[in-house]
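> In case you want the letters, here they are:
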Amino acid sequence: MGLLDKQIDSGGVVITTAENVLNWARLSSMWPMGFGLACCAIEMMATMASNYDLDRFGIIPRPSPRQSDVMIVAGTVTFKMAERVKRLYQQMPEPRYVLSMGSCSNSGGPYWQHGYHVVKSVSRIIPVDVYVPGCPPRPEALIGGLMLLQEKIRKEKFGVKHEAV
Amino acid sequence: MPHLKTEEMIMNMGPQHPSTHGVLRLELVTDGEVVKSITPHIGYLHRCFEKHGEELTYPMIIPFTDRLDYLASMNNNHAFNLAVEKLLNLEVPRKVEFIRVIVAELQRIASHLVAIGTFGADIGAVTPFLWTFRDREVILNLFENLTGARMLYNYMWPGGVARDFPKGFREEIGAFITYFRPKIRDLNNLLTGNHIFISRTAHVGVLPADVAVNYNCTGPVLRGSGVKWDLRKNDPYSIYPEFEFDIPVGQGTMGTLGDTWDRYYIRCQEMEQSLNIIEQALAKFPVEDATDVQAAVPRRIKPPAGEVYARAENPRGELGFYIISDGGTKPFRVRAKSPCFVNLAVLPALGKGIMVSDIVAILGSIDIVLGEVDR
Ligand code: SF4
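From first to last, the protein sequence lines are chains A and B. If you use my numbering, the first sequence corresponds to residues 1 to 165, in order. If you use my numbering, the second sequence corresponds to residues 1001 to 1375, in order.
Simulated from the structure, these hints should not be mistaken for laboratory data. Glycine residues also receive a C-beta, built at the ideal position from the N, C-alpha and C atoms. A few of these clues could be false.
Unchecked claim - Heads up, simulated DSSO-like pairs for lysine-lysine below, C-alpha to C-alpha not over 27 Å straight-line:
1. B:1284 x B:1233
2. A:80 x B:1051
3. B:1086 x B:1302
4. B:1086 x B:1051
5. A:120 x B:1051
6. A:120 x B:1330
7. B:1183 x A:80
8. B:1051 x B:1330
9. B:1167 x B:1284
10. B:1183 x B:1284
11. B:1233 x B:1337
12. B:1330 x B:1086
To be verified - Stretch-level coverage of chain B by chain A, calculated; a stretch enters the list once three of its residues show a Cβ under 8 Å from a Cβ in chain A:
13. 1043-1052
14. 1294-1305
All chains, full assembly: derive it from the sequences and hints.
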């Protein structure tokens, strides 16, 4: 049993701010929406599977946007899909965050020059909090991006709407 | 109660759906739980492959072939290079052929592992997903050692490969084979004979052989219906004729011939056959051969005018590339014949009068990759 547990067991008091508690709760259970767009989604799946095990960060994929806090845009956003991505984002409850995974959703990636059907950065549709570069980013990179997002949430001010980076 | 009228409902499945394996939208006409018809809507991942084929030089197209079927990059590279080499009339060194076959078969295993894992997860068995991804990671580590990338490699070039095997690499592959053989057995114990799994998959989505042939299905979908057709045997390329391996076909072991279970089990058996091929290739590997793996790669790829079609057996079926050259450094036209697109086309034929939950099973057993369907 840790020191904190002992203190609380013997009727101790922890003083903190509501902001801290809220942020702590939010950053410890960021539930992403489990949807993948392209190759990056396979790396996202690999990150969620046994070797990298995202569950240990409290990150458990949800099948519905209504239950999720984070949207991991993993893959190429095409014009046909863009509308759907936007709608899914709008269906997510606040506070919501977006992590753009991979060059494609960051900037169009390999399809930047000739991809006539590729949106050149998902930030043209929805506000993005963290960009993870790579094609595809390694699972470590994705975890790094998620931890950056946790840092961002930790610093959030209560009542202030978070702004897009 | 005949006087009770039922009403048809149109339902959308996807493009955001955990079981559509990417961004596929299925329009279902349902009557209660029974599906009347399925219409797949594709194009949510159209990434302009053919445009890139026209705009880029031959070596520059290879990374884009990686991204067609992103679970089987090596096999895509292989097929594309077969086409370019045919166009150039290029002789590939024997050592390179061995390297290609070994990595292609490793990639086939990795791809089937994802297919099996996600298929299990779709049906409600999460453990196989965790197991298969654990084993796939071993292959990815090998590939990372070889190419520097985990998923999209750009490894095979016309006439050669990017890098020779690093020191000790063949032993590592040998160690992988010893590691992986018992794992297939474990997987069979866990999933293949599982009672719940069998009841979800046997007799479901039966695809008769004539329908499969008429729809031009290839790969495990065709073989699951009992048709012995594998390009590695029927239209041999590379050095496949030198190896001995079986082509597993569906038997209808658990239910009807050509059902979902048969298609699933083909993949399990194919992994074993791939291990056999790798083992033989390692044994026959020209160790003494000190050829530079890039020796035959032309400095400037400028094929004569003409057109070729080359095909190879992908994990998902027959992947073909049709290239028209006008004599320049860029192809005039590149067209990819995608097995996933063709296999997906059979879904409406399978999806009449089934339950909604069976769609997930059938789709998982067809095993599509949307990057290749939409290209
Ligand atoms: S960034 Fe690369 S790996 Fe990710 S979706 Fe785009 S092409 Fe695929």
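> Are the hints correct? Go through all of them and say.
Each hint, compared with the structure:
1. B:1284 x B:1233: 19 Å, holds
2. A:80 x B:1051: 17 Å, holds
3. B:1086 x B:1302: 13 Å, holds
4. B:1086 x B:1051: 22 Å, holds
5. A:120 x B:1051: Given pair residue 120 of chain A, residue 1051 of chain B holds - Cα atoms ~17 Å apart, limit 27 Å.
6. A:120 x B:1330: Within the cut-off at roughly 25 Å; holds.
7. B:1183 x A:80: Cα-Cα ~41 Å, so violated.
8. B:1051 x B:1330: 12 Å, holds
9. B:1167 x B:1284: OK: residue 1167 of chain B and residue 1284 of chain B at ~17 Å, within 27 Å.
10. B:1183 x B:1284: Roughly 25 Å between the alpha carbons, so the hint for residue 1183 of chain B and residue 1284 of chain B holds.
11. B:1233 x B:1337: Given pair residue 1233 of chain B, residue 1337 of chain B holds - Cα atoms ~20 Å apart, limit 27 Å.
12. B:1330 x B:1086: 16 Å, holds
13. 1043-1052: holds (count 8)
14. 1294-1305: violated (count 0)
Hints 7, 14, counting from the list given before, are not met by this structure.
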